[in-house]
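Using the hints, position chain B against chain A.
2 protein chains.
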Amino acid sequence: MELNPQQPFELTPFELTKEYIEKIQIAISEQNNELIKTEMEELYPADITNILYELNGEDSHYLVRLLDKKLGAEIITNLDTDDRKKFLKNFTPQEIAEYVDLVDSDDAVDILNEQPKDISEDIVGLLKDKEQARFVNDLMHYDEDSAGGLMQKELVKINIKQSVTECVEEIRRQAEDVENVTAVYVVDDDIILQGRVSLKKIILAKRGSKIADIYSDDIVSVKTTATGEEVADVMQKYDLDAVPVVNIQGRLLGRITIDDVVDFITEQAQEDVQAMTGISEDVEEDDSVWKLVRSRLPWLIGGMCGSFLAAKLIDNFDDKLSAIPAIAAFIPLIGSTGGNVGIQSSSIIVQSLADKSGIDMPLGERLFKVLKVALLNALIAGMFAFAGSLIVDSVNVQLSLTIALSIFSVVMLASLMGTITPLVLNRFDINPAIASGPFITTTNDLLGYGVYLLIVYLLM
Amino acid sequence: MELNPQQPFELTPFELTKEYIEKIQIAISEQNNELIKTEMEELYPADITNILYELNGEDSHYLVRLLDKKLGAEIITNLDTDDRKKFLKNFTPQEIAEYVDLVDSDDAVDILNEQPKDISEDIVGLLKDKEQARFVNDLMHYDEDSAGGLMQKELVKINIKQSVTECVEEIRRQAEDVENVTAVYVVDDDIILQGRVSLKKIILAKRGSKIADIYSDDIVSVKTTATGEEVADVMQKYDLDAVPVVNIQGRLLGRITIDDVVDFITEQAQEDVQAMTGISEDVEEDDSVWKLVRSRLPWLIGGMCGSFLAAKLIDNFDDKLSAIPAIAAFIPLIGSTGGNVGIQSSSIIVQSLADKSGIDMPLGERLFKVLKVALLNALIAGMFAFAGSLIVDSVNVQLSLTIALSIFSVVMLASLMGTITPLVLNRFDINPAIASGPFITTTNDLLGYGVYLLIVYLLM
Numbered sequence: 001m002e003l004n005p006q007q008p009f010e011l012t013p014f015e016l017t018k019e020y021i022e023k024i025q026i027a028i029s030e031q032n033n034e035l036i037k038t039e040m041e042e043l044y045p046a047d048i049t050n051i052l053y054e055l056n057g058e059d060s061h062y063l064v065r066l067l068d069k070k071l072g073a074e075i076i077t078n079l080d081t082d083d084r085k086k087f088l089k090n091f092t093p094q095e096i097a098e099y100v101d102l103v104d105s106d107d108a109v110d111i112l113n114e115q116p117k118d119i120s121e122d123i124v125g126l127l128k129d130k131e132q133a134r135f136v137n138d139l140m141h142y143d144e145d146s147a148g149g150l151m152q153k154e155l156v157k158i159n160i161k162q163s164v165t166e167c168v169e170e171i172r173r174q175a176e177d178v179e180n181v182t183a184v185y186v187v188d189d190d191i192i193l194q195g196r197v198s199l200k201k202i203i204l205a206k207r208g209s210k211i212a213d214i215y216s217d218d219i220v221s222v223k224t225t226a227t228g229e230e231v232a233d234v235m236q237k238y239d240l241d242a243v244p245v246v247n248i249q250g251r252l253l254g255r256i257t258i259d260d261v262v263d264f265i266t267e268q269a270q271e272d273v274q275a276m277t278g279i280s281e282d283v284e285e286d287d288s289v290w291k292l293v294r295s296r297l298p299w300l301i302g303g304m305c306g307s308f309l310a311a312k313l314i315d316n317f318d319d320k321l322s323a324i325p326a327i328a329a330f331i332p333l334i335g336s337t338g339g340n341v342g343i344q345s346s347s348i349i350v351q352s353l354a355d356k357s358g359i360d361m362p363l364g365e366r367l368f369k370v371l372k373v374a375l376l377n378a379l380i381a382g383m384f385a386f387a388g389s390l391i392v393d394s395v396n397v398q399l400s401l402t403i404a405l406s407i408f409s410v411v412m413l414a415s416l417m418g419t420i421t422p423l424v425l426n427r428f429d430i431n432p433a434i435a436s437g438p439f440i441t442t443t444n445d446l447l448g449y450g451v452y453l454l455i456v457y458l459l460m
Numbered sequence: 001m002e003l004n005p006q007q008p009f010e011l012t013p014f015e016l017t018k019e020y021i022e023k024i025q026i027a028i029s030e031q032n033n034e035l036i037k038t039e040m041e042e043l044y045p046a047d048i049t050n051i052l053y054e055l056n057g058e059d060s061h062y063l064v065r066l067l068d069k070k071l072g073a074e075i076i077t078n079l080d081t082d083d084r085k086k087f088l089k090n091f092t093p094q095e096i097a098e099y100v101d102l103v104d105s106d107d108a109v110d111i112l113n114e115q116p117k118d119i120s121e122d123i124v125g126l127l128k129d130k131e132q133a134r135f136v137n138d139l140m141h142y143d144e145d146s147a148g149g150l151m152q153k154e155l156v157k158i159n160i161k162q163s164v165t166e167c168v169e170e171i172r173r174q175a176e177d178v179e180n181v182t183a184v185y186v187v188d189d190d191i192i193l194q195g196r197v198s199l200k201k202i203i204l205a206k207r208g209s210k211i212a213d214i215y216s217d218d219i220v221s222v223k224t225t226a227t228g229e230e231v232a233d234v235m236q237k238y239d240l241d242a243v244p245v246v247n248i249q250g251r252l253l254g255r256i257t258i259d260d261v262v263d264f265i266t267e268q269a270q271e272d273v274q275a276m277t278g279i280s281e282d283v284e285e286d287d288s289v290w291k292l293v294r295s296r297l298p299w300l301i302g303g304m305c306g307s308f309l310a311a312k313l314i315d316n317f318d319d320k321l322s323a324i325p326a327i328a329a330f331i332p333l334i335g336s337t338g339g340n341v342g343i344q345s346s347s348i349i350v351q352s353l354a355d356k357s358g359i360d361m362p363l364g365e366r367l368f369k370v371l372k373v374a375l376l377n378a379l380i381a382g383m384f385a386f387a388g389s390l391i392v393d394s395v396n397v398q399l400s401l402t403i404a405l406s407i408f409s410v411v412m413l414a415s416l417m418g419t420i421t422p423l424v425l426n427r428f429d430i431n432p433a434i435a436s437g438p439f440i441t442t443t444n445d446l447l448g449y450g451v452y453l454l455i456v457y458l459l460m
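Protein chains in written order, with UniProt numbering: chain A, 1 to 460; chain B, 1 to 460.
In isolation and in its complexed conformation, chain A is listed as follows (with noise of 0.2 angstroms):
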């Protein structure tokens, strides 16, 4: 136990090097499995999950075999979804039976449901802790994206009856079960949530105290129904570090807590960037180049469909572009002005839509409020093409009075749609991200065009 106090920085996170993967995979090709031992006995199980991304799947099983049953289990949990299935494709489910054994309730659902249905059931049935197995199948129903999904069962709960002397008993007979304790949860005997201890109390609390003298009755929960996101929002806005999950009428059943909301959280914002940017499925840098090439090409062919259509439409104005091509030179302005503009519009609202913590404006408010600022961008962006088309690019001031009042119309009616489009996806509950995509810049672009198109036949 003792620590070398001239060591301080042994103390500091691990680093990951090439040279230490190699030295592992060397130890691997040659059975060395004291070395792997013991150096892994010096990491931390987060590290040694970072190492298996970094191996092939012979190696990294060989590695987890190799560990501790427990420690292997921390590592698994450890794994991404995607990875983890693959990884345990090469186990039995009796291995992962024993796995499934050690790891807290909500990450054996996890792991259960990346799954095929069958195999599953299998493990379940070679659970050798039976109170384990029974909270898995209280768990399974829920949605995984719900707090009934995201709950663990393992807590310490207290009847509000006892006395503090028997509440440190019940911390000692579950200590092992439930491993990150702050407080401990007051009960009635319908085991109706009335309050909690935090710890400290606890510690200071006279032996002889009731629980009903000294546990606060100011407890927040959720209900199981509640989404991921409800969640997320409740923890960060009271800044609790557990939130209890109960049933409609108020009985306990588990709990919550910050880091696996703030995976949560985190997932959420890279799920989101990616509808922004139009990739279709959750990938990473280091996925398989058909995946890479998979996710991206529904947004690249429906942008191309929408320019094919974008084509048919200059093209009725084909006598006009050859008496006057300066027209087509600035087909491009109108194009991106509409799609930034939309892309602006709609991530403003996309935000103040996933920010939960005041009161929605009124959707009268909001769209007027979205029309002041689009006039004003509209009359500078409008006075700014003038300029800029008279000056640099040094056309007559008829197609000059033309591309101001294009990109005036373009700038409103990109405005209004990137506000629409998001408001009217959240209403049909599609995650209203995907506006902030090329699905807004595609539609943006079609009626910039169309708009352009009309105004150079009325005024030219």
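These are calculated hints, taken from the structure and not from any lab test. Just so you know, even glycine gets a beta-carbon here, dropped at the ideal spot from N, CA and C. One or more of the hints may lead you astray.
[Claimed, not checked] Far from chain B by the CB rule (all over 10 angstroms, computed), these chain A residues:
# : residue
1 : Lys89
2 : Glu131
3 : Lys237
[Stated by the list, open to error] Using C-beta positions, here's what the derived DEER-type ranges look like:
# : chain 1 : residue 1 : chain 2 : residue 2 : range
4 : A       : Val424    : B       : Lys130    : 50 to 60 angstroms
5 : B       : Ile26     : A       : Gln162    : 44 to 54 angstroms
6 : A       : Leu66     : B       : Glu179    : 40 to 50 angstroms
7 : B       : Asp68     : A       : Lys130    : 44 to 54 angstroms
[Stated by the list, open to error] According to the in silico footprint, chain B covers these stretches of chain A (three or more CB under 8 angstroms from chain B):
# : region
8 : 255-266
9 : 300-312
For chain B alone, coordinates are given in the frame of chain A:
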């Protein structure tokens, strides 16, 4: 303290309604202080903060001045930076000092940093809590976004030579100052961090135990100079609810709790999204119309400048355009395909730069993979462009081939540009997320038109 078990719904989060706000507004205008106080007692501080957002300045000051100082301090802590700055303008340095005396040291520094330098010095001079004044003076030296700037000085530490009984006494002594205790940090005589003891272990330890016998030396710490992102990564990776902050000698200086990091992660994600969508200031839907307009103008105008150049470029081909106006009809196809591909490419690199769990791919390997993905996408998109222009827009085979070849080149170019730009920005410590926005679109548009017209010139 007793809760009516018939009303378990009181435990769920409070929903802020328009009616409730009106009720409070009326109570304020009637100076019905009793009603206001009773209502506020029912709420959590975070809920009262949300009410402030819905009130005008005068009403919100009235409300906060009415409340107990401790509660007021918590409400003020919850406010966003910008709102707090505005809100506190109406308070005297003396009043602000009374609140600052009561908040955690990290929040105290945030509040002081938002004030003009002379006022902030006045406030520090007026602090009654001399320990707080010392904490604040220590913390003001650190960069806001570093671990030093994020940490709070409030924590419970114990010397490794002491006993569990002494530790419980220490917790009791600091109970009021350090609200959220989940673990006690273990240090040596030089306050060098040695490890931690969870409160659970303290509860379960025998009365006579020594700290040295029960503490865990398995502890992750961060240096004061670590960036906010590094702190967030470490806490997420190791699932920590608090991380101790040490100086270069390993001396324990403070701690960062997960709630501050969650806020940091959310803020970062929002900033990235705004950078990507071409919004140049940190804005929200309820900011002033002028601020919203201003935040969008730089990229709007920037994009238009790019398009003026594009117009000049296209104008050089006016003889070709008047001869074959169909060439103009495919300008949008080139522009939007290049834009979409560029944003997709940069978004993948930006995310992988943000995710520090793995080893960075070497540059050569990274570019080779991008090249493979680009080649496949370019081939598919090229063939699709050939077929689409031929069938949907019924152009001749020569123009179809020109378009297909241009799309192939544009996809290749945009993929490379979209990959290299964020890498270069990152190297120069500029947020690579801005490369996913209008910047990359504008550059890609220009490149794309150039390539298209060059191919037209060569082939037709």
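Here is how each hint holds up against the structure:
no. : hint                                    : verdict
1   : Lys89                                   : holds (21 angstroms)
2   : Glu131                                  : holds (20 angstroms)
3   : Lys237                                  : violated (5 angstroms)
4   : A:Val424 x B:Lys130: 50 to 60 angstroms : holds (58 angstroms)
5   : B:Ile26 x A:Gln162: 44 to 54 angstroms  : holds (45 angstroms)
6   : A:Leu66 x B:Glu179: 40 to 50 angstroms  : holds (44 angstroms)
7   : B:Asp68 x A:Lys130: 44 to 54 angstroms  : holds (50 angstroms)
8   : 255-266                                 : holds (count 7)
9   : 300-312                                 : holds (count 12)
This entry does not satisfy hint 3, going by the numbered hints stated previously; all others are met.
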